[in-house]
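Peer 1: Go ahead and model the full structure; you've got the sequences and the hints to work with.
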Amino acid sequence: MYKILGKKKVNRVVEQMTIHAPLVTKRCQPGQFIILRVNELGERIPLTIADFDRKQETITIVYQIVGYTTALLSNLKAGDSLVDLVGPLGQPKPFNNFKRVLGIGGGVGTAPLYPQLKQLFKHGVEIDTVIGARSYELLVLEDELKNISNRLFVVTDDGSKGSKGYVTDKLKELLECGEEYDEVIAIGPLAMMEAVVAITKSLDIPTSVSLNPLMIDGTGMCGGCRVTIAGEVKFACIDGPDFDGFLVDFRECIARQNYYRAEEHECKLALKGSIEHEKNKN
Amino acid sequence: MKRIRIKMNEQPAIERIENFSEVALGYTEEQAQTEAARCLRCPTQPCVSSCPVNVPIPGFITEILNNNYDKAYQLIAGENFLPAICGRVCPQEQQCEARCVKGVNAEPVAIGSLERFIGDWSLNQQHTVKASKSKHKVAVLGSGPAGLACAAELARVGIEVSVYEALHALGGVLRYGIPEFRLPKHVLDTEIDKLKRLGVKFYTNVLIGNSLTVEDLLQEGNEAIFVGSGAGLPRFLGIPGENLNGVYSANEYLTRVNLMNAGRFPSSPTPVKSGNEVIVVGGGNVALDVARVAKRLGAANVTIVYRRSMKELPARKEEIIHAQEEMINFKLLSQPIAVTGENSEVTGMECLSMELGEPDESGRRRPVAIENSNFILKADVVIVAVGQTPNPLFIKNTPELAVNKWGGIIVDQSTMSTSIDKVYAGGDAVTGAATVISAMGAGKRAAQSIVRRIM
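Order-wise, the sequence lines are chains A and B.
When you number the first sequence by our numbering, it's gap-free, plus one each residue, and the end is 282.
When you number the second sequence by our numbering, it's gap-free, plus one each residue, and the end is 1455.
Think of the hints as simulated: they come from the structure by calculation, not from any bench.
On a predicted model such as this, the values are computed, not experimentally measured, just so you know.
Just to be clear, a hint being listed does not mean it is correct.
[What the hints assert, rightly or not] Heads up, simulated DSSO-like pairs for lysine-lysine below, C-alpha to C-alpha not over 27 Å straight-line:
1) A:Lys26 - B:Lys1137
2) B:Lys1396 - A:Lys26
3) B:Lys1396 - A:Lys234
4) B:Lys1137 - A:Lys234
5) A:Lys93 - B:Lys1396
6) A:Lys234 - A:Lys9
[Stated by the list, open to error] Pair by pair, the computed Cβ-Cβ distance ranges are:
7) A:Ser160 - B:Met1327: 57 to 67 Å
8) B:Lys1135 - A:Gln56: 27 to 37 Å
9) B:Phe1375 - A:Arg261: 25 to 35 Å
10) B:Gln1324 - A:Arg12: 50 to 60 Å
11) A:Pro94 - B:Pro1012: 57 to 67 Å
12) A:Pro94 - B:Ser1362: 38 to 48 Å
Ideal Cβ positions, reconstructed from N, Cα and C, are used throughout, including at glycine.
Peer 2: Below, the structure written as structure tokens:
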């Protein structure tokens, strides 16, 4: 069992949990992820290690309550335990000798961005960060990122905080002002990463993206997470999750992401039904 | 009187395609006695030498005849700790039964069915397992057939064994790969419980290499490490359209159903697309398992596409017959060349017709494409079951380990030792996808060589 030591609400739909996971913290690196199951019948879901503390043997995960399992996860509180948690999985993000990096986080994708930028910050890299969300209440880890960024830009679709628009608007603006970066690290919805790459590719600014396709085992066994990188099939679980954004077939990723949409809906309805049933019983 | 071989009773095909319960129902006591009496107890015992773990077959069959099932069990367990599993999934027709002297002018003795009879009998017994205690410690990576066999052999002589499993449930391919109707999970659970009673410690959710390393395990006082990490990486066909929605690897499809209970969606939250027109590519046991699972999930038509003819189909004969009874179609001499799709979803598969040419190095006649013979099969789900290569994860994280060009760990065949001192390996991690029993044989050989070295 994997004990939840702390839990807090990040915003209306995003939560953060600190979990005791000594085997994970022994060797985990930024860019890696874990897979967890909430209960005995639960599905396996991958989540990025958003932060870790080797001394305390804890990892932090940040998740948005979007589906069945994240809703179940959200029902747990500090002191409860998860039945299963395995990791670290995936490849650590390779860090080259960068001097100046632009981080771009969209929505809850800001959570996996944070450990990567934190690592760069520790190595003295100068970081600019753009974070975006639909509205101010959906922003994630703003304070944490402010602490490690030279400049932090906030963008919201509705203009409720920071500038109004998309993260790509801010990216264009920065580049048009003549800002230069050794690398852009963009993590967020697939469509956002695709849009970022469309801009950076034309200017040949190396861009790293993080993919989170559907996966079951996370150890290379099922092949469900396969993605096409430069025309070649790769497994995100063992070859990724970070890839060179220029080489990713985003259209295929988006199609594969949506394959179980009807089932996700059915599962959510079932959960909603059972929660209401519980409520009525009480 | 010349008796004919007794066949196990089976669930009728028309009923069983509606459920996941076991197909073959096992012998009654009377059937076991009758079949046991067919054994000639010949002095040469070719059956024993063709068994990868050398079970004393005529010996245990004699004890069945004597009504001494406990003795029969002890005789089998002395060589093979998992008879209820092997009795079900071993390809006996290619091993012990292939060499059975009775088979020269009659059907061979049903050794597998008899082994299963004793295995099942033992599941209901509370054996007091005697294990001497020693001060030796060994770590086993992977709880599949190789790891379990190795752990049993080590624990038997009193070695403290820790088994590390990456998934959340034990059994490896016996859990995620082989469907319930061929190997019920309660059989697997009971066999694993026996190992627990023998003192073996199991740890799930541990990925050696990523969290703990070989170095860590040696520092913790393990005197040897056995790597049975299995054949984890699915092969694909490398044809256009293979990443369309609706294309699964056999591993993914089976894992969703066997490990994650997708058949019970939505009460189990992991889904699987059951499909209506399902194509399974490949001709091995895994392909047949997949096809029969698809049928049980409700697919109207399930078709196996294989590039050679029925004669070369590598699956077990018994399973081919079962599949045919379950109305699985066989589209033979057909080579897939593309998966077709619309709006990112599978709509069919384009194939070429083949004919058989000269035998290749495997001795099977090589399939040769017939020009302009392209045709399209309709499909909404395609499952690729053309084999797996060894799991790359452990190897990636253990760079000093020598591997061959297919990613198989290189071992000394007599000792199963690898290029790293104190590290042994066996099973599919060495050979690529093979049989349960050959993996168990390798695990056992490695254990024996570990015992020789440390005790």
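Peer 1: When the hints from earlier in the document are held up against this structure, which numbers fail?
Peer 2: Structure breaks hints 4 and 6.
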